[in-house]
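Student: The chain contents come next:
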Amino acid sequence: MELFLVQVFNGLAEGMIYALVTLGLSMVYGVLRILHVAHAGVYTVGAYLGLWVYSLSGSLILALSVSMGLCALLGVAIERFVYYPLLRYPPYVPLIGGIAVYLSIEELCRLAAGPYVISFPAALPFKALRLGAFYVTPSQQMIVICTLLVLFLQWFLVSRTEIGLAMRCVAQDMDMASAMGMDSKMVVSLTFALGSAAAALAGVLVGIHHNQVYPTMGSVPAYKSLAIIVLGGLGSVPGAVLASLLIGVVESLTIGYGFPLPRDALAFMAMIAIFMARPGGLAGR
Amino acid sequence: MGGYYLTVLTSIGIQAMAVMGLNVIVGFAGQISLGHAAFFGIGAYTAAVASTRYGLSPLLALALAVLVAALVGFFLGFPSLRVKHDFLAITTIGTNFIAESLFLYLPFFGGALGIGGIPRFSALGLTFGGGQLLWLVWGSVLAVAVLCHLFRRTWAGLALECVREEEVAASSVGVSLVRFKLMAFVLGSAVAGLAGGYYAFFMRFISPSDFSFPVSVMFLSMLVVGGIGTISGPLVGALLLGILPEVFRPLVDYRMLLYGATLLLTIRFQPKGLLGEGGLVERLLSRGGGVGSSRG
Amino acid sequence: MALLEVKGVSKSFGGLRAVDGVSFEVREGEIFGLIGPNGAGKTTCFNLISGVLRPDSGEIRLGGVRIDGLSPDRIAKLGVGRTFQIVRPFSEMTVFQNVAAGIGAHRYGRWHLEASFYRRKETVEEVERIASAVGLSEFLGRKAYGLPLGILRKLEIARALALKPRLLLLDESFSGLRGEEVEQLMELVRRIRDGGVSVLLIEHNMRVAMGLSERMVVLDHGRKIAEGVPELVRSDPMVIEAYLGRGEAGFGAGG
Chain A
48 MELFLVQVFN
58 GLAEGMIYAL
68 VTLGLSMVYG
78 VLRILHVAHA
88 GVYTVGAYLG
98 LWVYSLSGSL
108 ILALSVSMGL
118 CALLGVAIER
128 FVYYPLLRYP
138 PYVPLIGGIA
148 VYLSIEELCR
158 LAAGPYVISF
168 PAALPFKALR
178 LGAFYVTPSQ
188 QMIVICTLLV
198 LFLQWFLVSR
208 TEIGLAMRCV
218 AQDMDMASAM
228 GMDSKMVVSL
238 TFALGSAAAA
248 LAGVLVGIHH
258 NQVYPTMGSV
268 PAYKSLAIIV
278 LGGLGSVPGA
288 VLASLLIGVV
298 ESLTIGYGFP
308 LPRDALAFMA
318 MIAIFMARPG
328 GLAGR
Chain B
1150 MGGYYLTVLT
1160 SIGIQAMAVM
1170 GLNVIVGFAG
1180 QISLGHAAFF
1190 GIGAYTAAVA
1200 STRYGLSPLL
1210 ALALAVLVAA
1220 LVGFFLGFPS
1230 LRVKHDFLAI
1240 TTIGTNFIAE
1250 SLFLYLPFFG
1260 GALGIGGIPR
1270 FSALGLTFGG
1280 GQLLWLVWGS
1290 VLAVAVLCHL
1300 FRRTWAGLAL
1310 ECVREEEVAA
1320 SSVGVSLVRF
1330 KLMAFVLGSA
1340 VAGLAGGYYA
1350 FFMRFISPSD
1360 FSFPVSVMFL
1370 SMLVVGGIGT
1380 ISGPLVGALL
1390 LGILPEVFRP
1400 LVDYRMLLYG
1410 ATLLLTIRFQ
1420 PKGLLGEGGL
1430 VERLLSRGGG
1440 VGSSRG
Chain C
125 MALLEVKGVS
135 KSFGGLRAVD
145 GVSFEVREGE
155 IFGLIGPNGA
165 GKTTCFNLIS
175 GVLRPDSGEI
185 RLGGVRIDGL
195 SPDRIAKLGV
205 GRTFQIVRPF
215 SEMTVFQNVA
225 AGIGAHRYGR
235 WHLEASFYRR
245 KETVEEVERI
255 ASAVGLSEFL
265 GRKAYGLPLG
275 ILRKLEIARA
285 LALKPRLLLL
295 DESFSGLRGE
305 EVEQLMELVR
315 RIRDGGVSVL
325 LIEHNMRVAM
335 GLSERMVVLD
345 HGRKIAEGVP
355 ELVRSDPMVI
365 EAYLGRGEAG
375 FGAGG
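Residue numbers (this note's numbering), protein chains in the order written: chain A, 48 to 332; chain B, 1150 to 1445; chain C, 125 to 379.
Possibly wrong hints are sitting among the right ones.
As the list claims (entries may be wrong) - Below, a list of computed lysine-lysine pairs in the DSBU-like style, where the Cα atoms sit at most 35 angstroms apart: (1) C:288 with C:267; (2) C:288 with C:245; (3) C:288 with B:1233; (4) C:267 with B:1233; (5) A:232 with B:1233; (6) C:267 with C:245; (7) C:288 with C:131; (8) C:348 with C:288; (9) C:348 with C:131.
Unchecked claim - Calculated Cβ distances over 12 angstroms to all of chain A for the following chain B residues: (10) 1157; (11) 1201; (12) 1271; (13) 1274; (14) 1275; (15) 1276; (16) 1280; (17) 1288; (18) 1317; (19) 1354; (20) 1356; (21) 1395.
Unchecked claim - Computed Cβ-Cβ distance ranges for the label pairs, DEER-style: (22) B:1295 with A:102: 52 to 62 angstroms; (23) A:48 with B:1204: 46 to 56 angstroms; (24) B:1284 with C:320: 52 to 62 angstroms; (25) B:1358 with C:235: 37 to 47 angstroms.
Hint data in this document are derived by calculation from the structure and do not stem from the laboratory.
All values reported here derive from a predicted model rather than from experimental measurement.
For every residue, glycine included, the Cβ atom is placed at its ideal position computed from N, Cα and C.
The following block holds chain A by itself, in its conformation from the complex (with noise of 0.2 angstroms):
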């Protein structure tokens, strides 16, 4: 029993990893009705912009403030330059474009900062709790606690600001909220700005998490993060969140109990499975 719960322990603990990783992503699906693929070449962005500017000044705020502006800029400059213009093709056309610049960024961090891991070690304000049989490192805590709260704004911006209606209006009917006076494309690129400054901010807390920076970091979270989406209903932030922590705790339990299903191919196969069920996804389309 008590393995049991230290699994599921142990999976919430990376599934709080997916979700902050997914939320994002599940934003700009939600008004682009994009997977955007390159959310993870941000993520992997963000981790190294946040571990040179850590480096340099030692600043952790810093080194997140700088990394989370620089990359809601590089989210934005991915949509306006590639995605915007190829709306108007079948969704696979964007889908390949964002594979495209994630490949691209990738190759290019490996390029400028070599393929070797590189080790993030952060002084984080934090200092481990115990839970009964439970450890939480810092990391942990800071994990949680960013997730949360990026949660909590995320929720906030949407249900009770303008800005949020407007949101909402835009990942309805793009047009029609053209039509209505919003600026639809100020707005698509603010849900991209947001959304991959906490690519960015995961990035940087999983590379401090992991204590790992390295090139292709971004490449399981790049497709798990389409299957969880998927599996929490598409563009419902809150289903992203659930649908994390449900495919942190599986993979957990099966590493745990030693069956014999690849651990990276769990999201895949349950989201082939919904999908056999439900064409539209959990949500449906």
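Based on the hints, put chains B and C in the right spot on chain A.
Tutor: Positioned in the frame of chain A, the structure of chains B and C alone reads:
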């Protein structure tokens, strides 16, 4: 012919073949497939296991590679009946990851170390090393190209194009979406399986990372650059993206970046590819006042 | 003699009853009109007949054989051709290929037939014959993409005729056409009927609907509210109320 050129050209030939298979699925039938490397890998592993562990003759192993890949293609075609477009895209990405994971984890496939000691391809008493394999591969590429060309002119080929264009209208003229989507996947994966089989006999050693998602992206880039839906497109794409890094030796380290950037630029500015309808080459040719291709 | 029998057919979407217990018959060799205000359930009926949707209850029979629940391609092969309210041509294919696609209906699904080339002499002649009957001859070599609406509507009809159907479903094929094109198309529909194909048409254009239909049925809110020859239907008070009650002016005065 120098060993280096032999290797590069054989490699390009094998890739071109795999991309021709992808062309049937994506170009003819309009179904998105971002996991094509899985079929390529299944062909390679089937040929490898059959010829090493079970001692089957390479010819038989190759035939088996085609059959097994086709069978898997049949099953992996089912998602295309339920989901479309970007959902189908991520499903195919998923199947690529699942296949790679299976290659990696199941001891039957040799795990992370892969399978080595694959014999040279031989058939009818002849052994195909170096130059002979090159001829065999390119001969097969040509044969596949001819078959694709002929297929497009049949009723089945016409039906596939209807599926690509307008599914609802296609069924209103008697085209069964189930039958033809699955047919596209079976044909496309069979060709990829053949390419994979050749790959096994060419490399003599295969491992799971040879069939990972970036390989699928590479196939797709070659198709997009060369012209989706055309007969020569896969060839042009494979040649361009295969030769460029070799020609500019210092660029080898930049190969993936090259693929990524080329794919990005092509999809951004020429989503139909260089050779396809409205593509760069076609526009250049028709400006020359003569050739102006059309795929009627 | 009834070619198409629709008996007590219903279809709901969520809580909405799009089609509610509708019954009617289309006889051999007649032009039958299906009219009603917007949202009455007419296109849903077409989708039920052609197999795109499956009825929740009721039966649909073609020549006595049940077709409800069959897949659209199966029903097409049994002899039901259709056009679409919003045209769906095979855009990247030529007009020739679009029509040929319909001719292939009796070959798809049979290996030995599918594997033969489609550009054989008989097929070419058949396509030319249909194209000329419909008025598309000069467009045969053109890609369907970008052709004017009137031509695309003819394309859809030609493609459906290529099936050699017993029943042709025309879904608002006259909408968006100019006066002279409307006349031409009406003539074409009559010729199709004379050739032995029954026609079931949905039309908003009252002049066309009244002018072409030998008998008609009126739907409102998914239910049949009137049935009979055009003269009777146009003066039926329930029908008038259904239209005028929705602010549809010009009923009976031509569209």
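Student: At 12 angstroms, judged by beta carbons, does residue 1271 of chain B keep clear of chain A as stated?
Tutor: Holds, because the least Cβ-Cβ distance between residue 1271 of chain B and chain A comes to about 35 angstroms, which exceeds 12 angstroms.
Student: Confirm or reject the claim that residue 1295 of chain B and residue 102 of chain A have a C-beta distance inside 52 to 62 angstroms.
Tutor: holds (59 angstroms)
Student: Between residue 348 of chain C and residue 131 of chain C, is the straight-line Cα distance small enough, at 35 angstroms or below?
Tutor: Distance ~12 angstroms between residue 348 of chain C and residue 131 of chain C Cα, so the pair holds.
Student: Per the hint of 52 to 62 angstroms, is the separation of the Cβ atoms of residue 1284 of chain B and residue 320 of chain C within bounds?
Tutor: Once the Cβ atoms are compared, 59 angstroms apart, the range 52 to 62 angstroms for residue 320 of chain C and residue 1284 of chain B holds.
Student: Using the C-beta atoms of residue 1358 of chain B and residue 235 of chain C, is the stated range 37 to 47 angstroms upheld?
Tutor: Given a distance of about 39 angstroms, which is inside 37 to 47 angstroms, the answer is holds.
Student: Quick check: does the Cβ-Cβ distance between residue 48 of chain A and residue 1204 of chain B fall within 46 to 56 angstroms?
Tutor: Holds, at about 50 angstroms.
Student: Please verify that the nearest CB of chain A lies beyond 12 angstroms from residue 1395 of chain B's CB.
Tutor: holds (18 angstroms)
Student: May I ask you to check that residue 1354 of chain B keeps its beta-carbon over 12 angstroms from the closest beta-carbon of chain A?
Tutor: holds (22 angstroms)
Student: Checking one constraint from the list: CA of residue 348 of chain C to CA of residue 288 of chain C, max 35 angstroms. Satisfied?
Tutor: holds (30 angstroms)
Student: Quick one, are residue 288 of chain C and residue 267 of chain C close enough, alpha carbons at most 35 angstroms?
Tutor: holds (23 angstroms)
Student: Taking only the CA atoms, is the gap from residue 267 of chain C to residue 245 of chain C under or equal to 35 angstroms?
Tutor: This hinted pair holds, its Cα atoms lying about 21 angstroms apart.
Student: CA of residue 288 of chain C to CA of residue 131 of chain C, is that 35 angstroms or under?
Tutor: holds (25 angstroms)
When held up to the earlier numbered hints, the structure conflicts with none and fits them all.
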